[in-house]
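**Q** The lines below spell out each chain.
Protein chains: 4
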Amino acid sequence: MLNTLIVGASGYAGAELTAYLNRHPHMNITALAVSAQSADAGKLLSELHPQLKGIVDLPLQPLVNVAEAAKGIDVVFLATAHEVSHDIAPEFLAAGCVVFDLSGAFRVQGSDFYRQYYGFEHQHADWLAKAVYGLAEWQSEKIKEAQLIAVPGCYPTAAQLALKPLIDKQLLNLDQWPVINAVSGVSGAGRKASVTTSFCEVSLQPYGLFNHRHQPEISAHLGIPVIFTPHLGSFPRGILETITCRLKTGVTAQDVAAAYHEAYDDKPLVRLYDKGVPALKSVVGLPFCDIGFAVQGEHLIAVAAEDNLLKGAAAQAVQCLNIRFGFPETQSLI
Amino acid sequence: MLNTLIVGASGYAGAELTAYLNRHPHMNITALAVSAQSADAGKLLSELHPQLKGIVDLPLQPLVNVAEAAKGIDVVFLATAHEVSHDIAPEFLAAGCVVFDLSGAFRVQGSDFYRQYYGFEHQHADWLAKAVYGLAEWQSEKIKEAQLIAVPGCYPTAAQLALKPLIDKQLLNLDQWPVINAVSGVSGAGRKASVTTSFCEVSLQPYGLFNHRHQPEISAHLGIPVIFTPHLGSFPRGILETITCRLKTGVTAQDVAAAYHEAYDDKPLVRLYDKGVPALKSVVGLPFCDIGFAVQGEHLIAVAAEDNLLKGAAAQAVQCLNIRFGFPETQSLI
Amino acid sequence: MLNTLIVGASGYAGAELTAYLNRHPHMNITALAVSAQSADAGKLLSELHPQLKGIVDLPLQPLVNVAEAAKGIDVVFLATAHEVSHDIAPEFLAAGCVVFDLSGAFRVQGSDFYRQYYGFEHQHADWLAKAVYGLAEWQSEKIKEAQLIAVPGCYPTAAQLALKPLIDKQLLNLDQWPVINAVSGVSGAGRKASVTTSFCEVSLQPYGLFNHRHQPEISAHLGIPVIFTPHLGSFPRGILETITCRLKTGVTAQDVAAAYHEAYDDKPLVRLYDKGVPALKSVVGLPFCDIGFAVQGEHLIAVAAEDNLLKGAAAQAVQCLNIRFGFPETQSLI
Amino acid sequence: MLNTLIVGASGYAGAELTAYLNRHPHMNITALAVSAQSADAGKLLSELHPQLKGIVDLPLQPLVNVAEAAKGIDVVFLATAHEVSHDIAPEFLAAGCVVFDLSGAFRVQGSDFYRQYYGFEHQHADWLAKAVYGLAEWQSEKIKEAQLIAVPGCYPTAAQLALKPLIDKQLLNLDQWPVINAVSGVSGAGRKASVTTSFCEVSLQPYGLFNHRHQPEISAHLGIPVIFTPHLGSFPRGILETITCRLKTGVTAQDVAAAYHEAYDDKPLVRLYDKGVPALKSVVGLPFCDIGFAVQGEHLIAVAAEDNLLKGAAAQAVQCLNIRFGFPETQSLI
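Protein chains in written order, with UniProt numbering: chain W, 1 to 334; chain R, 1 to 334; chain P, 1 to 334; chain E, 1 to 334.
Read the hints as simulated data drawn from the structure, not as lab findings. Where hints are given, some of them may not hold.
Each pair may be met inside one copy or between any two copies, as identical chains are not told apart.
Calculated cross-link-like contacts (lysine to any residue; reagent style SDA-like; alpha-carbon spacing at most 25 angstroms) [stated by the list, open to error]:
#: 1; residue 1: Lys248; residue 2: Leu174
#: 2; residue 1: Lys142; residue 2: Leu2
#: 3; residue 1: Lys144; residue 2: Lys164
#: 4; residue 1: Lys192; residue 2: Leu48
#: 5; residue 1: Lys164; residue 2: Ala257
#: 6; residue 1: Lys43; residue 2: Ala294
#: 7; residue 1: Lys275; residue 2: Gly42
#: 8; residue 1: Lys192; residue 2: Gln37
#: 9; residue 1: Lys169; residue 2: Phe210
#: 10; residue 1: Lys275; residue 2: Ala189
#: 11; residue 1: Lys248; residue 2: Gly208
#: 12; residue 1: Lys275; residue 2: Gln51
#: 13; residue 1: Lys144; residue 2: Asp168
#: 14; residue 1: Lys142; residue 2: Gly326
#: 15; residue 1: Lys192; residue 2: Asn211
#: 16; residue 1: Lys275; residue 2: Phe210
#: 17; residue 1: Lys192; residue 2: Gly285
#: 18; residue 1: Lys267; residue 2: Arg23
#: 19; residue 1: Lys43; residue 2: Pro268
#: 20; residue 1: Lys267; residue 2: Leu44
#: 21; residue 1: Lys192; residue 2: Tyr207
#: 22; residue 1: Lys192; residue 2: Ala19
#: 23; residue 1: Lys71; residue 2: Ala94
#: 24; residue 1: Lys144; residue 2: Phe325
#: 25; residue 1: Lys275; residue 2: Leu44
#: 26; residue 1: Lys275; residue 2: Gln296
#: 27; residue 1: Lys267; residue 2: Pro25
#: 28; residue 1: Lys144; residue 2: Thr330
Throw the hints in and build the complete structure from the sequences for me.
**A** Written as structure tokens, this is what we have:
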């Protein structure tokens, strides 16, 4: 049994993570924590997330002293704001914990990136360099050795899973940048109150045109430029990405299918569609990323769907945990 | 042409009111105002409510000095918080304006009511005594003479329209209190950010059991006790009320129908169903209150539906305006 | 391992049931069946319910010959239309199978009931007499001995769980019939195409006033008259019931709480709220029925919420299975 | 006053059209019609669309004999299936009526198009050749002279309004095909029952990849190839299109803005965003097409939003009517 601490359990991804770990046979949830200033400190997790009543009734403890909190803890999950993860991850790491960080604080190499897209100066170049990007289907060897796993963002997970096999097999004509149109459920914006995410204001809308921080995360890890256009959708959870690419002359639908099958046939959390493309409902509440595609001439449309809180956050974190510690990859996920 | 000022135009009811008055042939919108502290002061109404872009692009002016703002104004609409209406209505009234107040500040006689349900001491007993309750179908004679019209709350409008004909005709056995189960869209909670009304948190739920302030408003104006159970529904607008009553022995469905028809056959904004009961969609975006019912033995279920922002707020305010100034009752509403 | 056949697996409750049984350690799904005429015969379950892709990819086999289909089967689940269950359950029973019927065909004693509310003549008075009503929290002793378990309807489950403790403790003044206002998600209407349940038509609406067949099911099993008013809600799943009752003089909130705690403190699938009342989201996707209440004077409002497809159908069926065969009551449900 | 007949008034677009024409000061609705076989024949329009109760309570008459129906009619609106419009429009035209056809039957020149995308042989090459494509902002001179106006499809209206100014000003590098990602509300699929559009089945999903019939309609009228990917969205009405294009080297955001302003500054039903892009809610229930855009380097993202039933159907039909007969362009629309 591994003792685990979940910081930021009060949020949507944190609650999902807690539910997964609560039923994981090798994990012992030692404590749930929130930031010391949080108005939620002292409440039960199930007061905020009543679906967990009777399942996980642990209190949310204020995280006052990281060194203290790290005592006896084997594994830490950080479902915290980027700046918070940036500040506290190194302390947990120094205490010997294995850290799974669901924030963006350690996902991309280079301090410029953090200055430009996250608005802060990254202070932990050493840990940033050591962090392993937890795109589970592609990084399992590195994850097994890592002490700090930076779990990918919700949008980048689906985008990379759809594009990486095509890039690796050199099927794309990159003169034309892939166009990633993505629609996310509102839970992607987190649990705090805001007019933007209030019930009566939400309506399908693009945002962050040409400047969403997930665009450089996708580009950095794929090694190609992309056009990434996120949209807020009028549903609570799930992400659907419609990705339009130019194929190299002569590349066929069969080539595309072969690339996907080679990449994912032995990966339990990616489901390939031999015909048709996924709908959002296929993945909501489930840990999968579903991928389908269509080809016409030199044009390819790939469609990837996932639950933003699961394969886009909590489930992928647990998948990385399972890989890191040698548990079955889908343990407690399916 | 009457010059009009709309205070609180930034909210959902305020925006609907502005749209109605903007197309009213006898009204000239002199200004839109918000409280001086509002973060929305200085913005265009259409920035907050983009559906009004190109239709009403007036700015939201901070209301700094009521006496100043009242100059040259014939009619004021207050779509403001109860406390704000309570404070500023008397100043507009003193300046000679006719005031239509959409808040609860002048709806119920008796300072106890405000102490208990609104948490403030009412300072304007004189105006409270003079205020006419703007339940338009039942108060038109008084409205014609009034300087201060207290437009009824959203829940009370539907409840009273459904119950008042039955009470007046003495059809109910009041040993058994009418049970009013009401479900309201989220816009009823207003436009400010709150976790409770955030997209991912909203879900059908009763609230305010036995202590919602609309229960005594309903009871006071109907003159009978009722059990009123409001629910938050997962839709932006509309109210549906399912009202279960005991009929006096011998009262028939025909008696009930006759009471409704007598009350409303000449009322253009109440639509009676000869068979079946209304669905929410029948009234969303429209100024009507729809009423249907079913009887079995001594039991009656009446169903009333309205748009909480329209017949439950803005449309009824305009209906009162039309009555007050002798315009056709549905002017600019249909 | 028990061999099991699921008939009607193509529907919403059938698919949930299949997912539960698929992960049940003591159950072996031998086959999934649909009626021989069904257009879905021959398809994979996961074509109709893509969320099950990679989890349950079994085909839907046409049920041509019941005797043949029953061979080697220990347990049969019928998630079929009432008439179909009525016709085929006796054949499976004759073959020695234990049958869990999710339809209404064996829920209420008396052929009059079926003539009046279901529109058919019940042909199997013997099996009807032997059928055990599977309201799991209240019938566990009988369930252990039963060969035919009639799993209760979705509305009746929540209504009875909320009312039965109060009736048993004689807390209610039954001169006033309990008023049950219930709102159900659209999945309650099943999966077949209809204008009524099409996306653009659904809107909060009462239906079946005074004549829904679940009213007599509730009354028959509680032994009291009730007023039951179902509503269609604009959400896919879940039921919320707001139940208004008259208490006997002198009965207190403490008495009500005590009755609930005595009934359910050792029942893992009923969650009691010590303060507040449940929201729909607390139970969607979960096997629980959540119950809360408020009292004022002699008036009680009890609120019960459940997922109509789970505690209102599939989860309760599995709960009955677990009780029947001595497995832990929540096996594969939590 | 022009006498008008509306065929297909029972559908979603037909009902909206009827509401517009009902309040049009120059139009007299002589009759509403549905096909002779329709199960809705004989019902009141307001039985199907209860929001119209008390507003338009006309009956839906079966269309038995076109020549008979055309007598005394000046203007006919066809909100009918493509094949029906194809069959009956010529008869109304022969009788001298001006016909506004909301179907696809006369939108694109060339019989091949109908064979390939609509599955029928077009029998009326003469009328097809004379038909004017009613993209109102661009065809007003031709509309004024036309007897048959083919009102554009919902997706093509928004796509063309967003792209046409850019193409006309030669701002686009067409080596890269514009990528049109469009999400439509479910009402776009019409009012008939289908599992696909049932409440529990709808979920964000692409469909018709590379083969939706609106792609060639868009391409034919713009004169360029495009990639058009429609999606079904989980909302009743509205269309949002996110269009990604390559600009020619040197083209700036100012050039794009200038092209839009030149095209639409005097067009009352296109609203341009000087900053930001539209959300769906900005246009639902309104006759506008809203357009905004962002540029980065040589990449342009244009976003267009409209109500699929209004600017994408009924409102554009009325706009064409107003242009055709010299009424103010927005008469009865705003």
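**Q** Tell me the hint numbers this structure goes against, listed in increasing order.
**A** Hints that this structure does not satisfy do not exist here, as all of them hold.
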